[in-house]
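Work out the full structure: start from the sequences and follow the hints.
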Amino acid sequence: MISLSEIARISVTSLRANKLRTMLTILGITVGLFSIIVIMTIITMLQNSIESGFSSLNKNTFQIQKWENIRVGGPRRDRNRKDITLEDFEQFRGLLKQAKYVGAEQWQFGKVVRFGNKETNPNIQIAGATVDAMRTNNWNVDYGRDLREDDVQYSRNVCLLGNEIVVKLFGNINPIGQELNVDGHPLKVIGVIEQQPQLFGQSRDNYVVLPLSTFQSFYGRRSRSVNITVMSYSKEDYNDIIEASIGYMRTIRKVPPGEDNDFYVFSNESMITQVNDITSGIKIGAFVVSIIALLAAGVGIMNIMLVSVTERTKEIGIRKAVGAKKIDVLLQFLTEAVVLCIIGGTIGIVMGVGLGNLAGSLINAQPSIPYDWVAIGLSICVLVGLIFGTYPAYKAANLDPIEALRYE
Amino acid sequence: MNIITIENISKVYKVGDTEVHALRDVSLTINKNEYVAIMGPSGSGKSTLMNMLGCLDTPSNGRYEFKNKNVSAMTDNELAAIRNREIGFVFQTFNLLSRSNALHNVELPLIYSGISGAERKDRARKALVDVGLEERIHHKPNELSGGQRQRVAIARALVTNPSIILADEPTGNLDSKTGEEIMILFNQIHQTGNTIILVTHEEYIAKHADRIIRLKDGYVHSDEKVLDRYIPTIN
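The listed protein sequences correspond, in order, to chains V and U.
All residue numbers for the first sequence refer to our numbering, where the first residue is 1 and numbers rise by one.
All residue numbers for the second sequence refer to our numbering, where the first residue is 1001 and numbers rise by one.
It is possible that part of the hints are untrue.
[Stated by the list, open to error] To give an idea of the interface, some chain U residues facing chain V are shown, with a C-beta separation under 10 Å as derived from the structure:
{"id": "1", "residue": "Gly1054"}
{"id": "2", "residue": "Leu1056"}
{"id": "3", "residue": "Asp1057"}
{"id": "4", "residue": "Asp1076"}
{"id": "5", "residue": "Asn1077"}
{"id": "6", "residue": "Ala1080"}
{"id": "7", "residue": "Ile1082"}
{"id": "8", "residue": "Arg1085"}
{"id": "9", "residue": "Gly1088"}
{"id": "10", "residue": "Asn1095"}
{"id": "11", "residue": "Leu1096"}
{"id": "12", "residue": "Leu1097"}
{"id": "13", "residue": "Ser1100"}
{"id": "14", "residue": "Pro1109"}
{"id": "15", "residue": "Ser1116"}
[Unchecked claim] Over the 12 Å line for every Cβ pair with chain V, so calculated as not near, a few chain U residues:
{"id": "16", "residue": "Asp1025"}
{"id": "17", "residue": "Asn1070"}
{"id": "18", "residue": "Gly1147"}
[Stated by the list, open to error] Taking lysine-lysine pairs in the BS3-like style, the calculated list, with each CA pair at most 27 Å apart, reads:
{"id": "19", "chain 1": "U", "residue 1": "Lys1121", "chain 2": "V", "residue 2": "Lys326"}
{"id": "20", "chain 1": "U", "residue 1": "Lys1121", "chain 2": "V", "residue 2": "Lys314"}
{"id": "21", "chain 1": "U", "residue 1": "Lys1140", "chain 2": "V", "residue 2": "Lys19"}
{"id": "22", "chain 1": "V", "residue 1": "Lys395", "chain 2": "U", "residue 2": "Lys1014"}
{"id": "23", "chain 1": "V", "residue 1": "Lys326", "chain 2": "U", "residue 2": "Lys1067"}
{"id": "24", "chain 1": "V", "residue 1": "Lys314", "chain 2": "U", "residue 2": "Lys1140"}
FYI, nobody ran anything at the bench for these hints, they're computed from the structure.
These numbers were taken from a predicted model, which means no experiment stands behind them.
For each residue, glycine too, the CB sits at the ideal point set by N, CA and C.
Okay, structure coming up:
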């Protein structure tokens, strides 16, 4: 048996002799690999962005809320869930001593904020928060002062602003101490919050934070359910605190043993799980499409290899006459098929990663390469080459040298 | 010293329902440094005998020993190894790889002997120089004349230092002047101690050898020394 490098050299030489045919043959493999890699690249970019984006919500933080953030399909069985009330929260805070912060918050979306004769677009988020919720949301005061317990206690008409609103309404004016207007309610600006990292290129600084009690006096019963936000002291006790919180919430809300929680615990982990649930369907779809494309491409490769064996009967005869063994001829043609597949696959992968990153960059996701899928893709290429190259190679190896030499 | 010993070999092909006896009960021996011509009309079995001698085919019956090794019982791979090391083929139609240059064509048997890189190139280059093609090393077959192509084929046959050179109508596709040049080359190869078996149907080509075996209907019809041997010279 001759060395593999020698065989590879022979294979590449004969592929180069038939450039056009080689390119057409590998097109199928390229398309197959491209389709799966481009989708996996985009999904990987989305996942990375979500992971890094949400980690700004503080690593050791989770939320307890009435509903899931994202729901996938199906009618909701849990339509009649009770709200999480302020009383629930107070009770919960009383029980959960081992956490660093236990805060509560509520939200209103799509509001307009006015200052003097200026107003924002109706896309402002209004948050009612407790002091602890400031910490769990990683809202740190840039300048001015922080929210205080007495602001919440006395339902003061004060607010803190996200940077975007400051830029929009105040320009060069110092916003601290100014009075602005939300839904007809006057609010005094006491502080400005540091800029938050962007998620998918979206600014997250278009919000106003008020004391939770003030928020409730404005919006009353319309949104009674509060989100409880909890931060643990460390990564180590994070999961224990989640477990403990679930227990306390079940007690407070009198959930009978054996029944599902009537609330939802939202952590970075649960968010990633949800994203994975959604993307796994897309992944399976892309995988199936690619496998079908690769099978079709494999049949094409087998066809071309059979043609090639027939065309090169004389060459095979010459090689056998001067001493090529069956295994030498077999490996030569098998290597050709595998090299074809690898070239096609590599082009597909490069195009897939390139286009995937281009598409991902449009939504400002972080560039990434799905290394695991690149490896899987290349392995599949080699496999396709081996599967569909074996029969033509076997045929070539078993040609009778006398017949092959006589072939014109 | 005996290189080839054939005892009572026969070869039977099946064509449809009928059996074709290409060789019947052929026995012969060939010694080192002999220059043998095998002659016979078409259908006489000379191609079959040539394939058999070249280890491309095995006999249906009888015994074939090559340097005291029993070829009749060899596997395909063992036959390939014998062809690679012991036999140098020269064909009527040259049988060169059309996409490869002269050097690579001559290297080919050495690739399958597992000889690597530099040594292989050196030996191939030397073989091409020996047949007078030092100027044409990087030419492809379609850039060479018929005589030059046959020289490449001869270089390929010689490069492994085989025990026998097996030439099947080596001048059949060449004009008589070029054919004569090739026969001069064979004569030189013979004089340096090589064993040559030449298959031809032309009497005057056969006369270059020192022994002629004539086949007829699959039998050895005659096997005799050439008394009026023709020694070609450069004129």
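Hint check results:
Hint status for U:Gly1054: holds, given a least beta-carbon distance of 8 Å to chain V, under 10 Å. Against a cut-off of 10 Å between C-beta atoms, the interface hint on U:Leu1056 holds, since the closest Cβ of chain V lies about 5 Å away. At a threshold of 10 Å, the smallest CB-CB gap from U:Asp1057 to chain V is about 6 Å, leaving the interface hint in force. Contact between U:Asp1076 and chain V, as hinted, is supported at the beta carbon level, the nearest pair being about 6 Å apart and thus within 10 Å.
Evaluation of the U:Asn1077 hint against chain V yields a held restraint, the C-beta minimum of about 5 Å falling below 10 Å. A least Cβ separation of about 5 Å between U:Ala1080 and chain V falls short of the 10 Å threshold, and the interface hint therefore holds. For U:Ile1082, the shortest C-beta to C-beta distance to chain V is roughly 8 Å, which falls under 10 Å, so the interface hint holds. Interface restraint check: U:Arg1085 against chain V, minimum CB-CB distance 7 Å, threshold 10 Å, status holds.
Hint status for U:Gly1088: holds, given a least beta-carbon distance of 9 Å to chain V, under 10 Å. Hint status for U:Asn1095 relative to chain V: holds, with the closest Cβ pair at about 5 Å, below 10 Å. Because the beta carbon of U:Leu1096 sits about 8 Å from the nearest beta carbon in chain V, less than 10 Å, this interface hint is met. Against a cut-off of 10 Å between C-beta atoms, the interface hint on U:Leu1097 holds, since the closest Cβ of chain V lies about 6 Å away.
Checking U:Ser1100 against chain V: minimum C-beta separation of about 8 Å stays under 10 Å; hint holds. Hint on U:Pro1109 holds. Least Cβ distance to chain V is approximately 4 Å, under the 10 Å limit. Because the beta carbon of U:Ser1116 sits about 7 Å from the nearest beta carbon in chain V, less than 10 Å, this interface hint is met. Every CB of chain V lies more than 12 Å from the CB of U:Asp1025, the least distance being 22 Å, so the non-interface label holds.
Here U:Asn1070 stays apart from chain V, with its beta-carbon at least about 19 Å from theirs, past the 12 Å limit. U:Gly1147, annotated as away from the interface, keeps every beta carbon of chain V farther than 12 Å; the closest lies near 20 Å. Restraint check for U:Lys1121 and V:Lys326: satisfied, since their Cα atoms lie roughly 24 Å apart, inside the 27 Å limit. As the CA atoms of U:Lys1121 and V:Lys314 are separated by approximately 24 Å, the hinted pair is consistent with the 27 Å bound.
Taking the CA atoms of U:Lys1140 and V:Lys19, the gap is about 19 Å. The hint holds against a cut of 27 Å. For the proposed pair V:Lys395 and U:Lys1014, the alpha carbon gap of about 22 Å is at most 27 Å, so the pair holds. Only pairs whose Cα atoms come within 27 Å are accepted, and V:Lys326 paired with U:Lys1067 is accepted, the gap being roughly 24 Å. A C-alpha spacing of about 17 Å is found between V:Lys314 and U:Lys1140, which places the hinted pair at or below 27 Å, so the restraint holds.
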